Amino acid sequence: MRRLSGWGNYPVSQAQLLAPRSEAELQGLIASNPSVIARGNGRAYGDSAVGVPATLHMRHFDKMISFDAQTGLLVAESGVLLGDIISAFLPRGWFPAVVPGTKFVTLGGAIAADVHGKNHHKDGSFRSCLDWVEVMGPDGTVRRCSPQENTELFNWTAGGMGLTGVILRAAIRLRRVSSAWIRQQTIPAANLHAAIEIFERSAAATYSVAWIDCLAGGGRLGRSLVMLGEHAGLQDLSYDQAARPFAIPRFGSRTVPPVFPSFALNRFSVRAFNAAYFWTGARKAGRQITDFDSYFFPLDALLGWNRIYGRKGFAQFQCVLPLDSARPGLRALLQAISAAGQGSFLAVLKRLGAQDSPFSFPMEGYTLALDFPVNRRSLQLMQDLDRITIAHGGRFYLAKDSRMSRDTLHAADSRAAEFAGMRQLSGMHPSFQSAQSQRLSL
Amino acid sequence: MTKSPVLILGARSDIGMAVAHAYAAQGHPVQLAARNAGNLEPQKTDLELRHGVPVSLHEFDALALDYHERFAGALPELPGIAVCAVGFMGEQGESEISPAAAARVLRSNFEGPASILSVLASRFEQRGSGTLVGISSVAGDRGRATNYVYGAAKAGFTAFLSGLRNRLARKGVHVVTVLPGFVATQMTEGMDLPDKLTAQPEEVARAITEATAKQKNIVYVRPVWRLIMLIIRSIPEAVFKKMSI
Ligand SMILES: Cc1cc2nc3c(=O)[nH]c(=O)nc-3n(C[C@H](O)[C@H](O)[C@H](O)COP(=O)(O)OP(=O)(O)OC[C@H]3O[C@@H](n4cnc5c(N)ncnc54)[C@H](O)[C@@H]3O)c2cc1C
Ligand SMILES: NC(=O)c1ccc[n+]([C@@H]2O[C@H](COP(=O)([O-])OP(=O)(O)OC[C@H]3O[C@@H](n4cnc5c(N)ncnc54)[C@H](OP(=O)(O)O)[C@@H]3O)[C@@H](O)[C@H]2O)c1
Chain A
16 MRRLSGWGNY
26 PVSQAQLLAP
36 RSEAELQGLI
46 ASNPSVIARG
56 NGRAYGDSAV
66 GVPATLHMRH
76 FDKMISFDAQ
86 TGLLVAESGV
96 LLGDIISAFL
106 PRGWFPAVVP
116 GTKFVTLGGA
126 IAADVHGKNH
136 HKDGSFRSCL
146 DWVEVMGPDG
156 TVRRCSPQEN
166 TELFNWTAGG
176 MGLTGVILRA
186 AIRLRRVSSA
196 WIRQQTIPAA
206 NLHAAIEIFE
216 RSAAATYSVA
226 WIDCLAGGGR
236 LGRSLVMLGE
246 HAGLQDLSYD
256 QAARPFAIPR
266 FGSRTVPPVF
276 PSFALNRFSV
286 RAFNAAYFWT
296 GARKAGRQIT
306 DFDSYFFPLD
316 ALLGWNRIYG
326 RKGFAQFQCV
336 LPLDSARPGL
346 RALLQAISAA
356 GQGSFLAVLK
366 RLGAQDSPFS
376 FPMEGYTLAL
386 DFPVNRRSLQ
396 LMQDLDRITI
406 AHGGRFYLAK
416 DSRMSRDTLH
426 AADSRAAEFA
436 GMRQLSGMHP
446 SFQSAQSQRL
456 SL
Chain B
389 MTKSPVLILG
399 ARSDIGMAVA
409 HAYAAQGHPV
419 QLAARNAGNL
429 EPQKTDLELR
439 HGVPVSLHEF
449 DALALDYHER
459 FAGALPELPG
469 IAVCAVGFMG
479 EQGESEISPA
489 AAARVLRSNF
499 EGPASILSVL
509 ASRFEQRGSG
519 TLVGISSVAG
529 DRGRATNYVY
539 GAAKAGFTAF
549 LSGLRNRLAR
559 KGVHVVTVLP
569 GFVATQMTEG
579 MDLPDKLTAQ
589 PEEVARAITE
599 ATAKQKNIVY
609 VRPVWRLIML
619 IIRSIPEAVF
629 KKMSI
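Residue numbers (this note's numbering), protein chains in the order written: chain A, 16 to 457; chain B, 389 to 633.
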């Protein structure tokens, strides 16, 4: 037994962390434990990858199996990190078709959360780059599923948060790129209305995301920096860059001290940080060439940044609101946050596109994500945000959740009951359970 | 410039595999030697896909001394660097009552590794270059009740490496002794090791590539182990024999 939590260090459970090395061992563990849940690299914020009593760490299932240099189809085991895929294949001109905001996630985690990237409005979620997935079910049988074969299993596994079984392998399609650089355009938006206008105007951009200042109120409510991006072609690069288009100068990464004192992160420092970030960004607005790491994974340069919130940990709130209620909904959310004065360094606004899988998070509309240090007031605020989201027809991202109530989830998302029913009938429940699935009755 | 191959003896070991990845990432071809080498095919493919280097598999048993010459002769190319990760902890309790069990621990950690490194040493000496890396253990720095058979074998191996280094120092061949401290691997799975003192296999691999590049002689992976062992070695025997550590 050991202390186990997600990226937010909240909540903390006592669990056994087992690291099987073979399929046979995995079968044995599924059969011999009352319930298990798979764990990838622990980047989900809350308790999605925490199984009490038993959690199955997939780190030994980390082999790349084959690559087709004609089509870009990569077959790999579920414990391979997207970062490793990038290290191996970007120098050869390939990049994952969908990446979340950190490259330190496993293939299994990306599938189970059906992650979305800055190109969701254009290319859809992670499932759209999957050819097939192999899943070990409650009986220890491994089934291959795809949009053509075992379709039901495929549909519920993408976004199923490990609750349909253990993902062993998958085939994913990489996209061709001509450099490791991104052509970035930064557009300041004075308020929420302007930010949404920019997103709607920029539907053709491959990548788009906005950093939003959640502490600004009044006429500046929702002031943002919208960042659009395209993979840079050789013609976009300087002579030096174009000569070696996949070579990125290394800056090295910094590490946050083990536990950063949480008093360093009070309302004033966040406010100052946000204001400074906005004005620096606004001054640098315009077009620039950025390396892929800085564009897609800015936080990864600061290893262990989750510790800046101190021992009590932090929680993320992420919801999506349907397009037609996004404006009033976002306004209400931002007003509540700004009034409470509890914003964070990391508030992100993004336009999502349509999504047609049964249990994935995205829907056509706008998603807002922000972090809070865990305390009584922020937990209260997040409950208020839950209510506002539900009132505007929105739903919540399980990969970020660590504290929602069962009633909140089921009120927001009628699909949850269907998912839970399917799990009961198929025997996936009780074999596969996380602390989160128990909390949320999934 | 094409880089010289790196040979990993005991390649299925977690440390050995981490070393293989570290060198492959630098562009070195890799030769994986292990018992039942055939079932390392997935590891071979993974290394090749990730790092774009050629990887070959070689059947190798450290205890089959008679075959060591033939094994070395059959390698597609004499490696520039050879890393021996072969080791076997056994059960101390069993080693105390069964001479056969004790012999297996002694031979797997000392006789076998010493034999294959001797064979390679002569070939490296003849060529006038190369680095031999032996993974020994701090357990060999002082015998303790809980694992002295394993410790004794590692003590022998450490002394052997030091002599080999001395012999080859003026022949262009370098010898590195690695004393990893605790490492989170198959060997220690299920043991309750203190986090701060326990290295990951990747750390050991980094220490090995650095030590090889800088021609270091003896490396402790986490520096704190140098201090711990300094203290443990200096405890008077009269006191030490009554301690349980
Ligand atoms: C800085 C940061 C930025 C992020 N940005 C984004 C973003 O932009 N978009 C986005 O969508 N997400 C984002 N995330 C969330 C992250 O992408 C997901 O939580 C992802 O699932 C984490 O992958 P992991 O390998 O760490 O999985 P874990 O956190 O270990 O597990 C997450 C879920 O996947 C399941 N799982 C993992 N491996 C397997 C397997 N082999 N078989 C079955 N189930 C498995 C677990 O049971 C759990 O339910 C971000 C997270 C961080 C920390
Ligand atoms: N883990 C630690 O805390 C620690 C600490 C100090 C030193 N070490 C040393 O580090 C080295 C690597 O160990 P590890 O931790 O990575 O553990 P490991 O995974 O158990 O590796 C030991 C390897 O030795 C191989 N081996 C044993 N007998 C062999 C033989 N007769 N012929 C060929 N190969 C043989 C095993 O191969 P098979 O797969 O065929 O069995 C196994 O792959 C060992 O020398 C160990 O003593 C480890």
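Errors might be hidden in some of the hints.
[Claimed, not checked] Derived pair list, reagent style DSS-like, types lysine-lysine, alpha-carbon separation capped at 25 angstroms: (1) 432/B with 78/A; (2) 584/B with 327/A; (3) 602/B with 559/B; (4) 602/B with 391/B; (5) 559/B with 584/B.
[Stated by the list, open to error] Non-contacting residues of chain B with respect to chain A, defined by C-beta distances greater than 12 angstroms in every case (computed): (6) 413; (7) 430; (8) 435; (9) 454; (10) 458; (11) 465; (12) 503; (13) 572; (14) 577; (15) 578; (16) 599; (17) 621.
These aren't lab readings, by the way, just hints derived from the structure by calculation. Please read these numbers as outputs of a predicted model, since none were measured by experiment. Beta carbons: idealized from backbone N, C-alpha and C, even for Gly.
Please flag the earlier hints that this structure goes against, numbers listed from lowest up.
-> Numbers 5, 6, 7, 8, 13, 14 and 15 - these are the hints that the structure violates, sorted from lowest upward.
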